[in-house]
Each structure stands twice: as structure tokens, then as C-alpha cells.
Amino acid sequence: AQKVTQAQTEISVVEKEDVTLDCVYETRDTTYYLFWYKQPPSGELVFLIRRNSFDEQNEISGRYSWNFQKSTSSFNFTITASQVVDSAVYFCALGTDKLIFGTGTRLQVFP
Amino acid sequence: SAVISQKPSRDICQRGTSLTIQCQVDSQVTMMFWYRQQPGQSLTLIATANQGSEATYESGFVIDKFPISRPNLTFSTLTVSNMSPEDSSIYLCSVEMVGGYSYEQYFGPGTRLTVT
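Respectively, the protein sequence lines represent chains X and H. Sequential numbering of the first sequence, starting at 1, is according to this note's numbering. Sequential numbering of the second sequence, starting at 112, is according to this note's numbering.
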């Protein structure tokens with residue numbers, strides 16, 4: 001069975017701090033995708049990144065970076081120099097077609 | 112990417128009634144999905160909306176409660192039937208965009224349903 005675990009329920013940081021959101025997954029599939037989505041208070045789900053199971057290259061996009069390690073089944077997300085606008089719930093998801101979501105991590109960035 | 116719209120954006124309904132939610136995409140897509148997000152919870156897949164055939168439901172969801180239509184490659188509807196307060200959730204449609212090595216799944220803005 002597939003499973004996504006986001007052990008951090010809530011994280012609070014002060015602006016400009018770096019923060020890492022953890023995601024651990026379980027799957028027996030050899031080919032799969034991993035995703036991160038952001039859900040701000042307005043409720044919409046914003047696509048951040050997709051990673052293929054065969055591509056373990058880390059990725060950086062501005063203040064965002066992602067670390068994918070198949071050996072530990074982890075796909076962690078780091079926000080550098082966090083800002084108040086980063087406050088949201090962040091979901092990690094796994095799958096092809098149907099997505100299995102983690103329970104989400106609520107990030108609060110205080111000024 | 113895809114631009115996805117949903118109608119209505121929110122509604123308050125009485126128990127025992129039904130509500131149909133519409134999902135429109137600005138391009139043709141093969142795969143469309145419906146998810147539910149109960150208050151403070153994560154997203155759970157309800158069903159895959161198949162064009163030209165019946166939807167494929169996940170465990171715990173049945174067609175009588177959540178009938179789905181997919182008349183073409185850009186449109187789908189989800190009906191929440193005989194509603195109870197436990198159906199109060201955000202309902203989101205999503206679409207799969209595949210091309211070459213690219214694979215993304217985008218979500219609509221959601222429909223916030225409150226059942227009283």
C-alpha cells in the first residue's frame with residue numbers, strides 16, 4: 001500500500017529563518033511521482049513541484065529547494081529566508097494518476 | 112499548465128438535498144479526478160472521472176452518493192446526494208497534464224460546501 005507521512009503537524013518560525021518540511025513515503029511501485037503543493041488560507045491548492053522516481057537530482061527554485069533521496073524514501077522541502085507570505089499548509093503527495101496525500105504541515109511565519 | 116474553474120465556489124445546503132459541482136478546464140485532458148478535503152484534513156480521492164464511461168470510485172465512495180459525469184474532455188460534474196453535515200468539505204477537481212517527460216496534476220479552486 002502507498003503512504004505519505006508528514007510528521008510535522010505545525011511549524012512556527014520567524015521571518016528570514018530557514019525551514020525544512022519533511023516528507024517520507026512508502027510505495028512498492030518502481031515508477032512514481034512525488035509532489036509538493038501549497039494551500040494558503042484562501043484554500044486553493046498551488047502546485048509547487050513534481051519529481052520523478054528515477055530523477056534524484058535536487059532542485060532549487062528561488063527560495064525553495066527540494067531534496068529527494070530514494071534510499072530513505074524522503075522528499076524534503078526547504079524554504080530559505082522564509083517570509084510571511086509562505087504561511088500556508090504544505091502537502092506532500094505520491095502517485096501516478098491518483099495521488100495519495102500526506103496530512104500536511106501548517107507553516108506559520110511570523111514577522 | 113491548466114486553468115481550472117469550479118462552480119459554485121461555495122454553498123450552504125440543507126441536509127437531504129443534493130448539490131452538483133461543475134469543473135471546467137481550458138484545454139482537453141484525459142484524466143480528471145475529484146477529491147474531498149474535510150475540515151482540517153488532508154485530501155482524499157473520491158473518484159476518477161472517465162470520459163465516455165462510468166467513473167471509477169475509490170474505497171468508501173459509491174456512485175449513488177457521488178454520481179459523476181464526464182461528457183467531454185474539458186468538463187465534469189460531481190453531485191453530492193442526500194447531503195448530511197458530514198459532507199461538509201471542500202471538493203476539488205484536478206486534471207492530469209502529461210507531455211514528454213512532464214507530468215503535472217493541477218487542482219481547481221475548490222467548492223466549499225457546508226451542510227446544515
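If you're looking for bench data, these hints aren't it; they were derived computationally from the structure. There may be inaccurate statements among the hints.
[Stated by the list, open to error] Across the chosen pairs, the derived CB separations fall in these ranges: (1) X:Leu48 with H:Phe172: 25 to 31 Å; (2) X:Thr31 with H:Ser180: 40 to 46 Å; (3) H:Lys176 with X:Pro41: 38 to 44 Å; (4) H:Ser192 with X:Thr72: 42 to 48 Å; (5) X:Ser61 with H:Ser195: 23 to 29 Å; (6) X:Lys3 with H:Thr225: 29 to 35 Å; (7) H:Ser129 with X:Asn58: 35 to 41 Å; (8) X:Phe54 with H:Ser170: 38 to 44 Å; (9) X:Arg28 with H:Glu169: 38 to 44 Å; (10) X:Thr9 with H:Ile123: 27 to 33 Å; (11) X:Thr80 with H:Leu184: 38 to 44 Å.
[To be verified] Away from chain X, derived, C-beta distances all over 12 Å, residues of chain H: (12) Cys124; (13) Thr141; (14) Thr159; (15) Ile174; (16) Phe177; (17) Pro182; (18) Glu215.
For clarity, every value in this text was computed on a predicted model and none was experimentally measured. Every residue, glycine too, gets a C-beta built ideally from N, C-alpha and C.
So, going through the hints one by one against the coordinates:
1. For the pair Leu48 (chain X) and Phe172 (chain H), the beta carbons lie near 27 Å from each other, so the given range of 25 to 31 Å is met.
2. Judged by the Cβ atoms, the range 40 to 46 Å given for Thr31 (chain X) and Ser180 (chain H) is violated: they are separated by roughly 31 Å.
3. Between Lys176 (chain H) and Pro41 (chain X) the Cβ separation comes to about 29 Å, which falls outside the hinted range of 38 to 44 Å.
4. With their beta carbons about 44 Å apart, Ser192 (chain H) and Thr72 (chain X) fall inside the hinted range of 42 to 48 Å.
5. Evaluation of the 23 to 29 Å hint for Ser61 (chain X) and Ser195 (chain H) yields a failure: the beta carbon distance comes to about 42 Å.
6. As the Cβ distance of Lys3 (chain X) to Thr225 (chain H) is approximately 30 Å, the hint placing it in 29 to 35 Å holds.
7. Ser129 (chain H) and Asn58 (chain X) have their C-beta atoms about 47 Å apart, which leaves the hinted 35 to 41 Å range violated.
8. At about 29 Å, the CB distance of Phe54 (chain X) to Ser170 (chain H) disagrees with the hint of 38 to 44 Å.
9. The hinted window of 38 to 44 Å between Arg28 (chain X) and Glu169 (chain H) is violated, with their beta carbons roughly 18 Å apart.
10. A hinted range of 27 to 33 Å for the beta carbons of Thr9 (chain X) and Ile123 (chain H) is consistent with their spacing of about 29 Å.
11. The hinted range of 38 to 44 Å is satisfied by Thr80 (chain X) and Leu184 (chain H), whose Cβ atoms lie roughly 40 Å apart.
12. Listed as a non-interface residue, Cys124 (chain H) keeps its Cβ farther than 12 Å from every Cβ of chain X; the least gap is roughly 18 Å.
13. Annotated as non-interface, Thr141 (chain H) brings its C-beta within 12 Å of a C-beta of chain X; the closest such distance is 10 Å.
14. Its closest Cβ contact with chain X, about 7 Å, brings Thr159 (chain H) to no more than 12 Å, contrary to its assignment away from the interface.
15. No Cβ of chain X approaches the Cβ of Ile174 (chain H) within 12 Å, the least distance being about 17 Å, so the stated non-interface status holds.
16. No beta-carbon of chain X is positioned within 12 Å of the beta-carbon of Phe177 (chain H); the least distance is around 15 Å.
17. A cut-off of 12 Å between C-beta atoms confirms that Pro182 (chain H) is not in contact with chain X; the least separation is 21 Å.
18. The claim that Glu215 (chain H) is not at the interface with chain X is violated, since a C-beta of that chain comes within 12 Å of its own (minimum 6 Å).
The structure fails to meet hints 2, 3, 5, 7, 8, 9, 13, 14, 18 from the earlier list, while all remaining hints are met.
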